[in-house]
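*Asks:* Next come the chains, spelled out residue by residue.
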Amino acid sequence: MTTDTVISARDLSLTFQTGDGSVHALQDVTLDVEKGDFVSFIGPSGCGKTTFLRVMADLEHPTGGTITVNGVSAEAARRDRAYGYVFQAAGLYPWRTIGGNVRLPLEIMGFGKAEQNERIARVLELVDLAGFEKKFPWQLSGGMQQRASIARALAFDADILLMDEPFGALDEIVRDHLNEQLLKLWERTEKTICFVTHSIPEAVYLSTRIVVMSPRPGRITDVIESPLPKERPLDIRDTPEFLEVAHRVREGLRAGHGYDD
Amino acid sequence: MRNTLPVLTVVAAILVIWYLAAFWMNAAWVMDQAARADREVGFADLFTATMTQDRPVVAAPHQVVTALWDGVFGHEITSKRSLVYHGFITLEATLWGFALGIAVGVGLAVAIVHSRTVNMSVMPWAVISQTVPIVALAPMIVVVSNALGVEDRLVPKAIISAYLSFFPVLVSMVSGLRSPQHMQLDLLKTYGATRAQVFWKLRLPSSLPYFFASLKVAIAASLIGAIVGELPTGAINGLGARMLIGSQFGQPLIMWAALFAAAILAGGLILIVTAIQRAADRRMGVMR
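Going down the list, the protein sequences come from chains A and B.
1 is the number of the first residue of the first sequence in the working numbering; add one for each residue after it.
1 is the number of the first residue of the second sequence in the working numbering; add one for each residue after it.
Rather than coming from a laboratory, the hints here were simulated on the basis of the structure.
Careful, some of the hints might be misleading.
[Unchecked claim] Listed below are several chain B residues computed to face chain A (Cβ distance under 7 Å; list not exhaustive): (1) Asp152; (2) Met183; (3) Gln184; (4) Tyr191; (5) Gly192; (6) Ala193; (7) Gln197; (8) Pro205.
Bear in mind that the values here come from a model prediction, so they are computed numbers and not experimental data.
Where a beta carbon is used, it is the ideal one built from N, C-alpha and C, also for glycine.
So here's chain A without its partners, still in its complex pose (with noise of 0.2 Å):
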């Protein structure tokens, strides 16, 4: 654990009682995610990618093991508005505008109006909805929903992005559209995101570092560092050395699952 280091987790455990017995959700699963770190964690479902995901905004509670966010624990980096989270659906509040909706947390979290409307107009021109402030999300398209939501996690200004499968229900042409404009909005505002996703190409697209993970027990079975350069244009993904990470990532999934089914 270094200085730079704004997630650690340390022999972290989660178990779920349920009618059948305990799931383990989470078993042993220790991981330092570094400031500016684009991770991405991949796995099928079961894995616990989500749950960890769920640990680290202090939504699901550790049995076992350690977690900081920011040094402190997931609890206070909650309440000191360490993240945003970007959930698989946009969950718009239909009654509200996209910068009525955008502006939610801000109202929450008692900011000043006039700041209010410059964060707002900011991070709508971040994601590319400059214009559509006045439009209500049902006019909206599902990408273009989905970037709402990710203006409304930027909008408070924290230095962590967790993201929950975001592009996990859009088509393939909107999902690389949006990828695409991820990345430069990670190299723009330098944050730490933790991306869950089950796409293969997306997790190595975007990733710095790629966590592969594995079901009953939800476990980590390999982190892959990527040799991709930060620049990543799309074409990117048609190179050897992207097809080697990829081929790596599937070996990793493959090993997870080997003695189950």
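Model the placement of chain B on the given structure of chain A, informed by the hints.
*Replies:* Using the frame of chain A, we list chain B on its own:
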């Protein structure tokens, strides 16, 4: 106006059935009278006689329309024989009961959603309250409020009206306030929102469509409550009292006219509530 033809067809069918029923039900009396007077009646006479009785078993549509017209336009609106006068008495109790019902329904729903104890202790009683026949309860409420020295008949009527109308509001508001999904609640948690903020920013706006849908049921229930409140123990004002007078003093046409006046009033109230609901939906950005 594609719907005009089917709607008119149904109205015509109802009128035909109604006329046939009036003929069928009123014929017995005509035949009886004829038998006593030792007369034969032809079909034409029989038909005419069934349509023009002063005390028909089933009033014919045109008789109801005439009585209604006379009740609405035939008298000064301050006259005790004016349906407008009685309609206003009933409307006043309905609106007070409606407002009271909304206040009680919303208030209880907010308490129920925020407290498990209230949920478990109040909800069963709310359900049981609606299984008690209101006609049995109404006289008690009237008598008790009289005994407590409340002179104005409006108060017990509004209470009876609210007794019926709070329930649909309560049930809908509980569903509405609980309608936000986990994700929405998690999102607010990540912002560190307080319980009050979750209520005002998420739960309350989410519940509004449920609220407005329940108002339609509640306004109809309010009207029924007000009318039932006018039936027992000597009320002389209001559409309910008018119905009772009509049936007790052998003037069925008055009863029929009051019945239809009440139906028209209900229709008007529901139209107004629907318009408010539409406006609210537009305001809330719901596509229509």
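*Asks:* So, aspartate 152 of chain B near chain A? Judge it on the closest CB pair being under 7 Å.
*Replies:* It is violated, given that the least Cβ distance between aspartate 152 of chain B and chain A is near 40 Å, above 7 Å.
*Asks:* Holds or violated: is there a CB of chain A closer than 7 Å to the CB of methionine 183 of chain B?
*Replies:* Where the cut-off is 7 Å and the nearest Cβ of chain A is about 5 Å from methionine 183 of chain B, the hint holds.
*Asks:* Quick check on the hint: glutamine 197 of chain B CB to chain A CB, less than 7 Å?
*Replies:* holds, 5 Å
*Asks:* Grab the minimum C-beta distance from glycine 192 of chain B to chain A and call the hint holds if it beats 7 Å, violated otherwise.
*Replies:* holds, 5 Å
*Asks:* Have a go at the tyrosine 191 of chain B hint: is there a Cβ in chain A nearer than 7 Å to its own Cβ?
*Replies:* Holds, because the Cβ-Cβ distance from tyrosine 191 of chain B to chain A comes to roughly 5 Å (cut-off 7 Å).
*Asks:* Holds or violated: glutamine 184 of chain B as interface residue toward chain A, Cβ cutoff 7 Å?
*Replies:* With Cβ-Cβ at 6 Å, under 7 Å, it holds.
*Asks:* Grab the minimum C-beta distance from proline 205 of chain B to chain A and call the hint holds if it beats 7 Å, violated otherwise.
*Replies:* holds, 5 Å
*Asks:* May I ask you to test the interface hint for alanine 193 of chain B with respect to chain A, counting a Cβ-Cβ separation under 7 Å as satisfied?
*Replies:* holds, 5 Å
In the structure shown, a violation is registered for the earlier hint numbered 1 alone.
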